[in-house]
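Position chain L relative to chain E; hints supplied.
Residue-level listing of the chains:
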Amino acid sequence: MLSSKMLGLTTAIALVATSGALAETLTIATVNNGDMIRMQGLTDDFTSKTGIDVEWVTLEENVLRQRVTTDITTKGGQFDIMTIGMYETPIWGANDWLVPLDDLSADYDVDDILPAMRGGLSVEGTLYAAPFYGESSMIMYRTDLMEAAGMEMPDAPTWDFVAEAARAMTDKDNEIYGICLRGKAGWGENMAFLTATSNAFGARWFDENWNPQFDSPQWKETLEFYVNLMNDAGPPGAANNGFNENLALFQQGKCGMWIDATVAASFVTNPDDSTVADSVGFALAPDTGLGKRGNWLWAWALAIPAGTQQESEAKQFIEWATSKDYIELVAENEGWANVPPGARTSLYENPNYKDIPFAQMTLQSILSADPTNPTVDPVPYVGVQFAAIPEFAGMATQVGQEFSAALAGQQSVDEALAKAQAIATEEMEAAGYL
Amino acid sequence: MARAVSTRKRAIYTVIAWTIGLLIFFPILWIFLTSFKTEADAIADPPLFFFFDWTTENYGIVQERSNYLRFLYNSIIISVGSTILGLLIAVPAAWSMAFVPGKRTKDILLWMLSTKMLPAVGVLYPIVLIARSLNIYDTYVLLIGVLTLINLPIIVWMLYTYFKEIPVDILEAARMDGASLRNEILYVLTPMALPGIASTMLLNIILAWNEAFWTLTLTTVDAAPLTAFIASYSSPEGLFYAKLSAASTMAIAPILVMGWFSQKQLVRGLTFGAVK
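Line by line, the protein sequences give chains E and L. For the first sequence, the residue numbers in my numbering are 1 to 434. For the second sequence, the residue numbers in my numbering are 1 to 276.
A couple of the hints might just be wrong.
Unchecked claim - To give an idea of the interface, some chain E residues facing chain L are shown, with a C-beta separation under 10 Å as derived from the structure:
id : residue
1  : 75
2  : 245
3  : 275
4  : 330
To be verified - Rough simulated footprint, nothing fancy, chain L against chain E, three-plus residues with beta-carbon under 8 Å:
id : segment
5  : 34 to 40
6  : 57 to 68
7  : 398 to 410
Hint data in this document are derived by calculation from the structure and do not stem from the laboratory. Bear in mind the structure is a predicted one, so any value in this text is a computation, not a measurement. The C-beta atom is built at its ideal place from N, Cα and C for all residues, glycine as well.
Pulled out of the complex, with its shape left as it was, chain E reads as follows (with noise of 0.2 Å):
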């Protein structure tokens, strides 16, 4: 009875297991972000527009990026789209893994993207993905707890006035902590945030010889002043915090100060959300009067692999998708505080878009970030809060498990800054650079 049992149930498996995609279907791999989210419901305009419909592989970012990779290297054609950022996307259009976008029409009017989202996503002047939201770095900061601390936040401050007023803000009997920074290791948390901190410091990654600068007395001051300030005015286990837990934080009211992604902006002023929406100001990213300011700038951007079989229908897609149409559109239906920011330059010159309270502030801080000429003495990568060489990540993501550990107390400053540079020292003589 067992087998007659077994063998419907694998006739059954057998009858199913089917293969091969529809035509005429598009599949776009992506991330959970709010923009991602709201364009994927969006896609019926696009689908009645053009007859195409759109197939979503939503992925947490890791596995995207391992995913897209594998796929990419494979030649797996499983997708037509992916979304990738700005460290992926200069390394995979120099391989030729993307496809160029340098056909677009001339109603999409390339030249309004943002000049320095367009320089971050292009290899030698050929654009290989089309930036959907950019974001730099900026200081959120609570207005009320700066007023009670008897001190104004400036539009561009100095480091040295940060940590003054975060330490006077900081009333750890009421969990009321001056400043919330990254500390979660990984290249994209942690070290996004302290890559971009040291420039600022005039610190480096590299030398114009690709020699590892951890030694330098740059990097020292950077981590001493970063560790120093999270033990007086960081909220406790800081060395567990990302972008997420530090959104949680702020959004309940324990954070003085978040210097972080600009488009944290929408949520910590989003009253459903945030307990301190009416209290939240901007500011630039600090510097230390070295010239350059320690913020970021990062795209996620939508890019079309090598090798997918619709690359006509896959640029009507990113053509709809990053578009002034589709801003039009998103503002229509979600308002205009839910654009897609960061991107194109005639968002900033809508008078509808000018109101949001953060609008300005985040045009200027991502206006303010070069990735082509990112620290104050030369170095040989593009990137501000990474240098774009296929190395970084791996490199990073240890670096940053030695800073979070000195950040947890586990090994000073001067230990992790050495564990730091026999990391990188190690790799990059691996890798043929030294």
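Relative to chain E, chain L alone:
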């Protein structure tokens, strides 16, 4: 009559058993509770236990955004399919190892288990390339095949230990009576080992249901199971714990219900041969 156990002792055992049970169950309970919170309540510090504004909005959002039934269907096909295919291979294999062991049977058993020590990512590229050249990427065939291979060592090991408990004399008696090999396995061995086979089957369905590396890597749309459904609710920028918990609750509910109803078989199978 059973031994008399004092009320006091019984109470202590009951308390200990409940404490351990609750500790193990707590993460699932927490996911369940979080799924009924708002995103703000989900990350509240100190954590909120039962006294918060219960809401079902997360389930609404998840229903609206994802086609749950399609993921569920794929999970069922893949986990049941790989378990059945695995049993079809493992029953004869375990039979031969238990009843007609050769010189190297022990070595083979250990070698089979050692394949589980290889990190999955080590064979990622070969499997992806094979899938691509056979044009079976994102299909049930690929997923069932890969999951069968991954779980086969465990299925064989479990069945082997159950079969070892069955007296070989009974099989010999069947053979004396003229039973063919097929009939011996099907009509003598299988019914006697049924509790063992059932618990192996249940455990493997659970293992296949929860397998996340391969199911996420080898599927895109058509064959994506519930692991892909859960993974789509983690967000790098934005709070997601409540929605993720709702998705997780929906993903584990079927297997939880199945486990509940088959408790008896599971316990019988796992303790099979223990009291003899």
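Now for the hints, and whether the structure bears them out:
no. : hint       : in the structure
1   : 75         : 8 Å, holds
2   : 245        : 8 Å, holds
3   : 275        : 8 Å, holds
4   : 330        : 16 Å, violated
5   : 34 to 40   : holds (count 3)
6   : 57 to 68   : holds (count 8)
7   : 398 to 410 : violated (count 0)
The structure fails to meet hints 4 and 7 from the earlier list, while all remaining hints are met.
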